[in-house]
Amino acid sequence: MDKKIGQYKKPLGMKEMKPTESELEILKVLWDHGNSTVRQVHEMLSANTEKEIGYTTVLKLMQIMHAKGLLSRDETNKTHIYKAELSRTAAEQQMVSKFIKDMFDGSAARLVMQALGNHRASDSEIKKIKQLLNDLENKK
743 MDKKIGQYKK
753 PLGMKEMKPT
763 ESELEILKVL
773 WDHGNSTVRQ
783 VHEMLSANTE
793 KEIGYTTVLK
803 LMQIMHAKGL
813 LSRDETNKTH
823 IYKAELSRTA
833 AEQQMVSKFI
843 KDMFDGSAAR
853 LVMQALGNHR
863 ASDSEIKKIK
873 QLLNDLENKK
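Sequence positions in the sequence shown follow the working numbering and run 743 to 882.
If you are wondering where the hints come from, they were derived from the structure by calculation, not from laboratory data.
Note that beta-carbon positions come from the ideal geometry of N, C-alpha and C, so glycine has one too.
Please note: incorrect hints may appear among the correct ones.
[Unchecked claim] Pair ranges (Cβ atoms, derived):
hint : residue 1 : residue 2 : range
1    : K820      : K881      : 50 to 60 Å
2    : K825      : A857      : 27 to 37 Å
3    : R852      : E785      : 36 to 46 Å
4    : T818      : D865      : 44 to 54 Å
5    : T799      : T831      : 40 to 50 Å
6    : G776      : Q836      : 14 to 24 Å
7    : R862      : T831      : 20 to 30 Å
8    : L878      : T818      : 41 to 51 Å
9    : K881      : T818      : 39 to 49 Å
10   : G848      : L874      : 13 to 23 Å
The whole structure should be built from the sequences, with the hints applied where relevant.
Next up, the structure:
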C-alpha cells in the first residue's frame with residue numbers, strides 16, 4: 743500500500759458503476775463540501791435529513807463505494823479522507839441517459855416536452871433552453 747502524503751488510493755481494475763440512491767446522497771455531500779472523513783459525511787447527512795442514519799451505515803456505504811471505484815481515499819493518516827471519483831456532471835449524464843432510455847424509449851424530445859409541459863420554466867431557464875437549441879442547430 744502506497745503511503746505517500748496526500749495519496750488517494752483508488753481500487754484497480756474496478757468498473758465505474760452508477761450510484762444507488764444512498765450512494766448518491768453521499769456523493770452530493772462530497773461534491774458540495776469536498777474531500778471529507780466518514781464522520782464529516784455522517785454529520786452532514788444527519789443535519790440534512792429527518793431520518794436517523796447511523797455512523798456505521800455511512801462507513802459501510804463509503805467502503806462499498808470505494809470498492810466500486812466511486813470514491814478514493816487518502817490512507818496516510820489514521821482517519822481516512824474520501825474523495826468522489828464520479829463527478830456530478832458524469833453522474834447527471836448517466837442518470838438522465840438511463841431515465842430517457844427507461845421512461846421515454848430513448849426520446850430526449852419526449853422528456854423535454856413532458857418536463858416543459860408540466861413545470862413552469864423561468865424566463866432565464868427559457869433563455870438557456872433556447873440558447874442550447876440554437877447551439878445544437880449550429881452544430882449540424
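Quiz item: Using the C-beta atoms of G776 and Q836, is the stated range 14 to 24 Å upheld?
Solution: At 22 Å between Cβs, range holds.
Practice problem: Could you see if the CB distance from R862 to T831 stays within 20 to 30 Å? | Solution: For T831 against R862, whose Cβ atoms are near 26 Å apart, the range 20 to 30 Å holds.
Quiz prompt | Satisfaction of the hinted span 44 to 54 Å by the C-beta atoms belonging to T818 and D865 | solution = 50 Å, holds
Quiz item: Does the Cβ-Cβ separation between K825 and A857 fall within 27 to 37 Å?
Solution: 32 Å, holds
Quiz prompt | C-beta pair T799, T831: status relative to the range 40 to 50 Å that was hinted | solution = 27 Å, violated
Self-check item: R852 paired with E785, Cβ distance criterion 36 to 46 Å
Solution: 41 Å, holds
Practice problem: Using the Cβ atoms, figure out if G848 sits within 13 to 23 Å of L874. | Solution: Holds - the Cβ-Cβ distance for G848 and L874, about 19 Å, lies within 13 to 23 Å.
Quiz item: Lying within 50 to 60 Å: is that true of the beta-carbon distance K820 to K881?
Solution: Holds, at about 51 Å.
Quiz item: For the pair K881 and T818, does the Cβ-Cβ distance stay inside 39 to 49 Å?
Solution: 45 Å, holds
Quiz item: Okay, L878 versus T818 on CB: inside 41 to 51 Å?
Solution: Holds - the Cβ-Cβ distance for L878 and T818, about 46 Å, lies within 41 to 51 Å.
Checked against the numbered hints above, the structure breaks only hint 5 and satisfies the rest.
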